[in-house]
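Residue numbers (UniProt numbering), protein chains in the order written: chain A, 1 to 387; chain B, 1 to 387; chain C, 1 to 387; chain D, 1 to 387.
By construction, these hints were calculated from the structure, which means they are not laboratory data.
Treat the hints with caution; some may be incorrect.
Treat identical chains as interchangeable: a pair holds within one or across any two.
[As the list claims (entries may be wrong)] Computed list of lysine-lysine pairs in DSS-like fashion (alpha-carbon distance at most 25 Å, straight line):
| id | residue 1 | residue 2 |
| --- | --- | --- |
| 1 | Lys339 | Lys239 |
| 2 | Lys43 | Lys323 |
| 3 | Lys323 | Lys239 |
| 4 | Lys339 | Lys385 |
| 5 | Lys101 | Lys82 |
| 6 | Lys335 | Lys239 |
| 7 | Lys219 | Lys101 |
Protein chains: 4
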Amino acid sequence: MRQAGRHFLQIPGPSAVPERILKAISLQTIDHRGPDFAEIGHKALAGMKTIFKTEQNVFIYPSSGTGAWEAALVNTVSSGGKVLMYETGHFAFMWSNLAGKIGLLPELIEGDWRGGADPNQIEDRLRADSQHEIKAVCVVHNETSTGSVSPIEDVRRAMDAAKHPALLMVDSISGLASIDFRFDDWGVDVCVSGSQKGLMLPPGLSFNAVSDRALENSKTVTTPRSYWDWQDMVGPNQKGFFPYTPGTNLLYGLIEAIDMLHEEGLDNVFARHSRHGTATRAAVQAWGLEVLCARQGQESGVLTAVKVPEGHSADAFRATALKHYDISLGNGLSKVADKVFRIGHLGDFNDLMLMATLSGVEMGLDKSGVPHNAGGTQAALEHLKAA
Amino acid sequence: MRQAGRHFLQIPGPSAVPERILKAISLQTIDHRGPDFAEIGHKALAGMKTIFKTEQNVFIYPSSGTGAWEAALVNTVSSGGKVLMYETGHFAFMWSNLAGKIGLLPELIEGDWRGGADPNQIEDRLRADSQHEIKAVCVVHNETSTGSVSPIEDVRRAMDAAKHPALLMVDSISGLASIDFRFDDWGVDVCVSGSQKGLMLPPGLSFNAVSDRALENSKTVTTPRSYWDWQDMVGPNQKGFFPYTPGTNLLYGLIEAIDMLHEEGLDNVFARHSRHGTATRAAVQAWGLEVLCARQGQESGVLTAVKVPEGHSADAFRATALKHYDISLGNGLSKVADKVFRIGHLGDFNDLMLMATLSGVEMGLDKSGVPHNAGGTQAALEHLKAA
Amino acid sequence: MRQAGRHFLQIPGPSAVPERILKAISLQTIDHRGPDFAEIGHKALAGMKTIFKTEQNVFIYPSSGTGAWEAALVNTVSSGGKVLMYETGHFAFMWSNLAGKIGLLPELIEGDWRGGADPNQIEDRLRADSQHEIKAVCVVHNETSTGSVSPIEDVRRAMDAAKHPALLMVDSISGLASIDFRFDDWGVDVCVSGSQKGLMLPPGLSFNAVSDRALENSKTVTTPRSYWDWQDMVGPNQKGFFPYTPGTNLLYGLIEAIDMLHEEGLDNVFARHSRHGTATRAAVQAWGLEVLCARQGQESGVLTAVKVPEGHSADAFRATALKHYDISLGNGLSKVADKVFRIGHLGDFNDLMLMATLSGVEMGLDKSGVPHNAGGTQAALEHLKAA
Amino acid sequence: MRQAGRHFLQIPGPSAVPERILKAISLQTIDHRGPDFAEIGHKALAGMKTIFKTEQNVFIYPSSGTGAWEAALVNTVSSGGKVLMYETGHFAFMWSNLAGKIGLLPELIEGDWRGGADPNQIEDRLRADSQHEIKAVCVVHNETSTGSVSPIEDVRRAMDAAKHPALLMVDSISGLASIDFRFDDWGVDVCVSGSQKGLMLPPGLSFNAVSDRALENSKTVTTPRSYWDWQDMVGPNQKGFFPYTPGTNLLYGLIEAIDMLHEEGLDNVFARHSRHGTATRAAVQAWGLEVLCARQGQESGVLTAVKVPEGHSADAFRATALKHYDISLGNGLSKVADKVFRIGHLGDFNDLMLMATLSGVEMGLDKSGVPHNAGGTQAALEHLKAA
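In isolation and in its complexed conformation, chain A is listed as follows (with noise of 0.2 Å):
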């Protein structure tokens, strides 16, 4: 039988896709070698950086994030190199597996999936490395397993005051374009990201931002690569072209995104999706349940991930969530797999649709069978109104 009316698509990513972003993507395919090319490559280039908020560099991938989570580690590191990381969740401890597949010697800083990275512990280690061996500082900004944010300027101070020359090298693939990120104000080296979630696109892009030393530093790297090879990128970029074919399609739709960030202004964009968050912890609390990150300050704008209580399956209540109310909800990774849902509340998405979408938790709640408080959407309404 047919579900009337529109799907929820509110797992942290992809996020629903606006019908400008689809029309976009879906205008006729042209030459990328052509001389109308040069005007959108420009326009994708530079508008990215507006988007990492930098002067400096900004390379497209026609790829998956992870594909930009790989670029970022063979440009700046050796084979053999150390790489520091810090578990703030699933995706991080994926980044430092990849790191250890690729020929790196990743070292994961053990986390609690609580809350964000912690500096101080990443400036200790850091000067204990009186060597430098360290090539890079690998940090998760917006952990989407969980819901959490690191201080990504704070860890920028750690490294200063440690003196230590390693590269600063940021995942904010689910934090770009939804929650605030500086790319040079504070000091970043290297940002990965991806075009399915603040940037509202289907995937199939990614992006690395790069600093003008990274970009140096990647000559004498001799990690062998090329697909994710920077300096193969920034001859033809000059130029508004690419060294192989790249993904016209989604560029249209990524500078129909850029454009409608703007037209929102990035600050509201920020605003919004904090005020999401905030009304989504309410509900959350009037059930009478606990949100997964626990540290004050570090809650996402982006998602937030629920503990059930204890005996009851978050997955069966995701399931029921999705057949009766047609609402898709993230599933807990790993160590938190059926312990917690997540709750995207990112991309293009506004106060009426966070409604929507916490009346359909709160209704899968109440047919699955978890207890739980009533009341929790009314509340989040009436922190909706007082904002």
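Given the coordinates of chain A, work out where chains B, C and D should sit on it, guided by the hints.
Same frame as chain A, but now just chains B, C and D:
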């Protein structure tokens, strides 16, 4: 400044058009005289019979619903002929107005705009018409200006009881495909409808379902007509064609819409609209406001008209809701202008979209200072949980 | 078996709809009574004035062109009034037929279907009408059934020479936006047009351009009317609205179409159609076939009707071309049924598309055994090279 | 000034994307971890096996074809390993270049760019490699820079004759789904392809078809890899999922493309490309120009590279054709830069589109003053008539 997320078009039509239909209408136009067109014509005509629940005749016009009102009259009543109408609200009044403009003599039974047509009054009037001067009885099924439903089957019984030969003509522009309608079972002679309500299309197509008796009768009707003439349609329609250029792209969408309705099941569609009507009224009651439709059992599943307290402006409230929460609500028309607002809950719509809608109404009431009790949203949610 | 590549829709309308317009019409429908709609209404109405080249009045109907024919007559001539028409071909005949159906007295000057209307015959007839019983002179600008163009400016001069007060009414359904038309300069009183020809839209919108004189005159016209009534349009149109639900999504497309025409420049649009008409006739001549339009200087830039040799079936040829080369050509209508085929070269069309079209015709002639000389395609190509 | 009508994108890929596919890729993105996704994953993977004609393995990457080149190598040859390549043209050269960049030792057999790979040379080289240091033989099936086809089956025979255990790796980025390719029958071990040629999609997906032997062998290959690692794909693919976020919207399009190819029939697709190649060469011959591919029987059905007479600029000609006739033609690459232009006749293409294309080439030659004989267009037409 751009508003993020989806606009909520919650007027009682046009309803928001689903993606499947938007894609269908954007297919390339084909030759409406060519061999491939016949399948489209046949599918649209046969499909509409399943929606009207008739095995008699359906005609499709490239026009808005107003045109189909005119078509219904010019094919059934000769110039100067009498038609009996019942003032359920603004649209019943407008239809009688149109009858006068095209040279007929409409007689309008006054109503209070707070319920459907009264079969007893109709029966009395018909009994008094011993000369059978009244050629047609015209009733609005779902009065879009008030949110009331007329008991069509009872009107038919009243006409039969009065042993009056007048044709029964029904406007179900906003009722068809949202609330139960049975052309053959109920003994309707002409039903007028349009594309932009329960059929989920953009405006631009309109319909006449026509009984064999009315079609035969039309041969003797002398009112001049060309565009609307049923007789010109019959021959071409039998082969899947039309006497003049049809609205090809909207027909693509119509076929898709009919498929979607049957994929869900018409009974499920009706139950859904009914549930949403009830939930909306639960919210209105909890807000301490009054529903315009005052006759129990005649409240519409398509829309709910809500009275604002004396001294407050429904239109100011609507403007506030639109500005702050990006939701379009219907205005009060003529007699009830600025005194009511109308919540559309029709078309391709589901529980979460309703909750979004009611949240928007409640936040709008709050923001615009219309006196009300908070909590209507949660009241509707409780209703949906229980449903 | 699926046929690869694009279908060539080379009938004389509907013309193939460009991607930009298909995308525009698939945008979400909005509230046609809401504040955002006014801009759409204003743009559509003001834009159409630039296409008609008038500073007087334009009305837009959600209907096909046949409706606009009816609208032109019911607003200008009271029931029983005389209209003088000129039989340029099938569509002129159909218009006069319609006039009869709605209660007017059409008088049709016979024509041979091989050229435009003859101003001298019209002048003679008007001079003979000393009682001024003729209320309107109706002429088809571009006769879609024959590919001939009537000299509208000369018809106006003839009417003036005869000092006759009748209104000049022109059908430019297939001429507007493809060949030169100047409402104000040429002294036209009513021009009828439709969306699916030079305007490149799907069918479903139609137009009346109306002189101030005709609009004023309509107040005294007694023919019953409602849907088509100009007077109901005037007030709402001034605010960017319509008296009943408009064809919102086609209006989106119309605005896009008007932009596209001005981006190319109307004079360039006309020159392009003229060049393609000439090139097509060069092909026809090289094939040794005959163009239906026999009056030099009146051949249409919109379409070319071609006679097939006696004893051969134009329809069999068309079916062969469609089956083997996926090209739709127009059929001969009524008097010339099966004797001519029509090549549409209108709308969003360019030199290479014309060459594809003529290649399809030549291959179709060859495949279906219609006697002709090979080489028409190359002849057209040489013409285009020289142009 | 806007150019009317459709742009003709006649480069040898990306090919013009058909409407059906553009609509498919603009459907809303869904949860790639949710229950509905599995059907999409299964359809895409199983469907690609029917296109490669294999019952072994297919992997799909969100990347352009260059990524699939890299994937083929990093999964099959350990760092420092030797690969034998054959210089059929620019792309064969680029692939060998890539092999060097990622730490392999490519050996390139020189070619004259005027035909496919020579199996005899390959056999001789393999026989000389008695130590079996060569781990893979890499051949381009359809060389996009020259329009020549390599005899893959003969290469396999040559390898067998030499009793050499190297893997046979084939680039059929521009050949697949346009000209005959049989992965299993021909004994290929890895075939690399991309979405934007015969598969008619925008760029952004790439493919590896992989023999069981190559997949088993990959377990022992030590080249570091993560994004491209086949082994990570196997498990998730079996359930219809991917190890990281896939290019969901392009997968929608891929499924549509596979359906379209089978609706036409692969053999019909191949026959169509072959017919268009022959017709194009008939035109080139009539123009008195020379086709770059000089080996009879190895001319491509995908594209035709044409030499311009000495002293003339192919690029100036292409710019003229683009400006005046809105047709994009492919440029000459590296060794043949400015000396050849390439006519793409691949993808969703038909006889009339080919005639449009050749007309554009002939008009462009004329306009830009490249010496040639008129009449190539008609020569191609005569060929198509006879076909």
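Here is what the structure says about each hint:
Taking the closest pair of Cα atoms, Lys339 and Lys239 come within 25 Å of each other only across two copies (23 Å); inside a single copy the shortest separation is 50 Å, beyond that limit. In this homomeric assembly, Lys43 and Lys323 come within 25 Å of each other (Cα to Cα) only across copies, at 23 Å, whereas the closest approach inside a single copy is 42 Å. In the homo-oligomer, the alpha carbons of Lys323 and Lys239 lie at most 25 Å apart only across protomers (21 Å), although the nearest pairing inside one protomer, at 50 Å, exceeds that limit. Taking CA atoms no more than 25 Å apart as the test, Lys339 paired with Lys385 passes between copies only; the shortest distance there is 24 Å, against 31 Å inside one copy.
Taking CA atoms no more than 25 Å apart as the test, Lys101 paired with Lys82 passes in both settings, with 13 Å inside one copy and 23 Å between copies. Taking the shortest Cα distances, Lys335 and Lys239 sit within 25 Å of each other only across copies (22 Å), while inside one copy they are farther apart (46 Å). Taking identical chains as interchangeable, the C-alpha atoms of Lys219 and Lys101 lie at most 25 Å apart whether they share a chain (22 Å) or sit on different chains (13 Å).
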